[in-house]
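> The whole structure should be built from the sequences, with the hints applied where relevant.
As they're listed, the protein sequences go chains B and A.
For the first sequence, this note's numbering gives the first residue as 1, with consecutive numbering after it.
For the second sequence, this note's numbering gives the first residue as 445, with consecutive numbering after it.
Warning: the hint list may mix true and false statements.
Computed Cβ-Cβ distance ranges for the label pairs, DEER-style [claimed, not checked]:
1) A:593 x B:327: 36 to 42 Å
2) A:453 x B:170: 52 to 58 Å
3) A:593 x B:119: 37 to 43 Å
Hints are computed from structural coordinates only; laboratory data are not their basis.
Because the structure is a prediction, the values reported are computed rather than measured.
Note that the Cβ used here is the ideal one computed from N, Cα and C, for glycine as well.
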Amino acid sequence: MFEHLDDPEPPDPTHRTLGGVLARAARLRRRRVTAVLGVVMVAALSLGIVIGVAVSGPSPSQTFAAFDSQTGLLAAGTPVPSSDLASVVFVGDVHGFALVVHGAQTLLAESGDGGDTWRVTDPSLPVSFPAQFEFSDTAHGYLWGGPPSSAGTVALWTTSNGGRTWGRAGIGPVVSDVSAIGPDVWAVVGTCAIRATGAPLCPVVVDVSTDDGRTWAPAGATSPLSENAEVSVSDENIELARITRTRAYVLTFASQTGTSEMAGSLSYTADGGETWASRRDPCPPYFDFGQQIAASGTDDLWLICASQASSGTQAKALYRSSDGGVQWALAAAANAPVLTGGTVLGAGGGLPSAGYVTPYSLGHENLAVLTPTTAWLFPDRSGAFETTDGGRTWGVVAGLARAGVVNGGSGNVVFADATHGWVCVTGTGLWRTTDGRNWQRLGP
Amino acid sequence: MAEAVRFEDVFADLYRLAYRVSFRVLGDRGDAEDVAQEALARAHVRWARLRDRPHGWVVTVSTNLAIDRLRRRSRATSSGIEPVALVETHLSERIDLARALRRLPRRQREVVVLRYLADWPELEVAGALGCSPGTVKSHASRGLAHLRHDLEERGLGGGDDVRASG
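See below:
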């Protein structure tokens, strides 16, 4: 059906074309070898040993043959190449979990060595990618999102055995976001099934579990939030940012008038959901595509407003609040007048205009805020950026570029603490830092 | 034991495939050749893992590279840096197609790219992706619906041209 876009006289490949391709391949391979040698040397120096002989390991084809078949159900324990991870989470600096697409299945993989190696834990999860997931420890995990069912529902699945088996939680119909602090788990739940057309605004409630997701009860008061059931609220339009077991923010981005005008709405609770207060949404109306929020502490909030996106560019604005969302100040912006009706903000240039944040990001896992001054941002189809001045300026993470990350991918960035972090470029590879500055590629 | 497939033996076939999907997105011969070469170089590096079924991988990577190339080209245009060979009758259609493809969920995009951009039969798409023909049909149908919606939403009437064939 795209024949009219064909080249009427396509060139025929020649020996010269093949030579050019092989030369490119050789350059790619050298870059890989250089990176691997760098890792080996660092490891050798840290162990205080001298390597006097060549080190050789199993070839990728031997190690990952089962995975590479891309067919059938894999056995638990089957090695998974880190180049095929879709998204990762870590509990501490050693134990991690990853979603992986394998053939028709979405599987769960697990690492016990900081992400160096991965093995299948559950070969066929009850959801499809792009699902979202979270683990509160090595045993208890939560899985939700992905494409809604034919009935317009999005379920929450829980595990208490490290992801080997999953049970469906008795909440719904649309589980939009989940956050666990120890056994204390909150879920933001839309009360209407997702509908393609003509859907009304629908109340959003917060359900709470204090036993690792086994039993659930509604939070005390109905939050003053609503969602637009016409859109897939499961992944991008509702976000839960929990600070402590009792304090949390819920951000929704929905049609406020029943028409096409989208706007954010922010609510706050300090008493475990018993009462809710509204907070002002600072985003100008022309940022009409999405918003995402993150917090480093009780009162420190970061809110990114996103415009329509086009050709890899999206106008963005970062607002900061140090009093829990009562007052906001513009920290940085990426102006793209063509996408914001000609309007530009001050503080332009601090944020990268390249790449997309919400609603194109993977869940809300592309913004990691560590402290009131330090954060990482990984816009979809762009590269990873970091700030150390509270978001006023953002620079490319140089250590990642040196470690071989090629811009243009999508994925997520997670930090276990101020120094241990991972960047997963979906379907490309996994990189880790253990000092917050230097990065290394893990696995094949 | 079956003899391993050599990269050189299937190179021409893979190159034509990569060039075709790249050109459909880019509409520029030089860019499409560059993308095809890059995709094939990446395939060569991974050949031990890909050699049993490289075609789907090459189509997917070529499409992604082409979409990225088109995106960078658009950015260069908007910033006043004029790239070569942009005067092309179907350019807006290609840009809209690339944007629409990017917005598809990963699985739908893989199916739509293989089925409609590379013109593969359903059975071959199923074999390449390791799923059933029914799954391919389902993803293709949903993907097309998304494409239609996306192109129509841009008000360019492109959605009418997006329909299943064959």
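> Now, for every hint given, state plainly whether the structure supports it.
We went through each hint and held it up to the structure:
1. A:593 x B:327: 36 to 42 Å: holds (40 Å)
2. A:453 x B:170: 52 to 58 Å: holds (57 Å)
3. A:593 x B:119: 37 to 43 Å: holds (40 Å)
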